[in-house]
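Listed below are the residues making up each chain.
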Amino acid sequence: MGESSFGGEWIFAFLIIAVIFGWGGAGFGGGNANVAAYATMADVNSAINNQSTQQALAAIQLSSANNNYETAQLINAQSLAMSNQNNTNLVNAIQGFNTTNQTIANGFASVNQNIADLGYKMDQCCCSIKTMMLERELQATTNALQNQQNIAVNQAQSEFLLNTMGKWVANPASTAAYAAK
Amino acid sequence: MNPIMNLLGNNNMMMQALGAMMRGESPRTFLKNLANNNPQLKGLNLDNLEGTAKDLCNQRNIDINSLKSQIEEFANSNKS
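Sequence order for the protein chains is A and B.
Numbering that gives the first Met the number 0 puts the first residue of the first sequence at 0, with every later residue one more than the last.
Numbering that gives the first Met the number 0 puts the first residue of the second sequence at 0, with every later residue one more than the last.
Incorrect hints may have been included.
[To be verified] Simulated pairs of lysine to any residue, SDA-like, Cα-Cα distance not exceeding 25 Å: (1) B:Lys53 with B:Ala34; (2) B:Lys67 with B:Pro38; (3) B:Lys31 with A:Glu136; (4) B:Lys53 with B:Leu66; (5) B:Lys41 with A:Tyr119; (6) B:Lys41 with B:Lys53; (7) B:Lys31 with B:Gly42; (8) B:Lys31 with A:Lys120; (9) B:Lys67 with A:Gly7; (10) B:Lys41 with A:Asn162; (11) B:Lys31 with B:Asn47; (12) B:Lys31 with B:Lys53; (13) B:Lys67 with A:Glu8; (14) B:Lys41 with A:Phe20; (15) B:Lys53 with B:Asn64; (16) B:Lys41 with B:Thr28; (17) B:Lys31 with A:Asn113; (18) B:Lys31 with B:Asn11; (19) B:Lys41 with B:Ser76; (20) A:Lys120 with A:Gly95; (21) B:Lys53 with A:Phe20; (22) B:Lys53 with B:Leu17; (23) B:Lys67 with A:Ala108; (24) B:Lys53 with A:Gly7; (25) B:Lys41 with B:Asp54; (26) B:Lys67 with B:Leu40; (27) B:Lys53 with A:Lys120; (28) B:Lys53 with B:Asn36; (29) A:Lys129 with A:Ala108; (30) B:Lys67 with B:Asn44; (31) B:Lys53 with B:Leu43; (32) A:Lys120 with A:Ala108; (33) A:Lys120 with A:Gln145; (34) A:Lys129 with A:Tyr119; (35) B:Lys41 with B:Phe29; (36) B:Lys41 with B:Asn75.
[To be verified] Looking from chain A toward chain B, a few residues come up when the C-beta cut is under 8 Å (computed): (37) Trp9; (38) Phe13; (39) Asp122.
No lab work stands behind these hints, which were simulated from the structure alone.
All values derive from a computational prediction rather than experimental measurement.
In this text, a Cβ means the ideal position worked out from N, Cα and C, and glycines have one as well.
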């Protein structure tokens, strides 16, 4: 393979590349801070620790995001439940008010009907009283008329009798005692 | 794959060099071609790779033997 082993100059070519371009180009340690050099065990451990820290941080961030999402979901669900409950309460309250209003309206209708009935009965009562009074007045008038008729009849009879008796009066009494009467 | 490479990501340059080496290409030719598109390599003496590599490590205070052993480990783990 020609110079495929490090027996030739390839090792120096690799050395030059490693020094110029560094190992992997991801931050190597070394004695000179201005150049890329080979990694030390401290660099490797630091990289591993940093990687572990980043993974842990990512896991924490994901967990936090999931928690936030679940919390938001719970809040949404709770808000929806509260909203639904409030709507149910409002509907029940409105239905209750409607029932109460209907009951009140029915009560007023009944009262109005009773008042109308009462007015009608009062009219009937008044009419009956008037009729009764008229009947009594008619009876009284009838009675008075009958009395007057009786009186007239009595007077006529009396006048007849007196007239008849007047004949006797026209003829002087036969005795003074009788004349004194 | 080298666990360090796994952790820190693949190095495209190293993988390209490894492929060129496996294909039997010349390291000088590979680096010179690479320098056409990477200004970081320009100005380096690519005719004397050993001297350039040592100079770079010295300038940057890198233990060349330690780096060399890691590169060998990397190359061996990527051969199969």
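**Request:** Could you tell me which of the hints above the structure violates, numbers in ascending order?
**Result:** Of the numbered hints given earlier, those the structure breaks are 3, 5, 8, 10, 17, 19, 20, 23, 27, 29, 33, 36, 39, listed in rising order.
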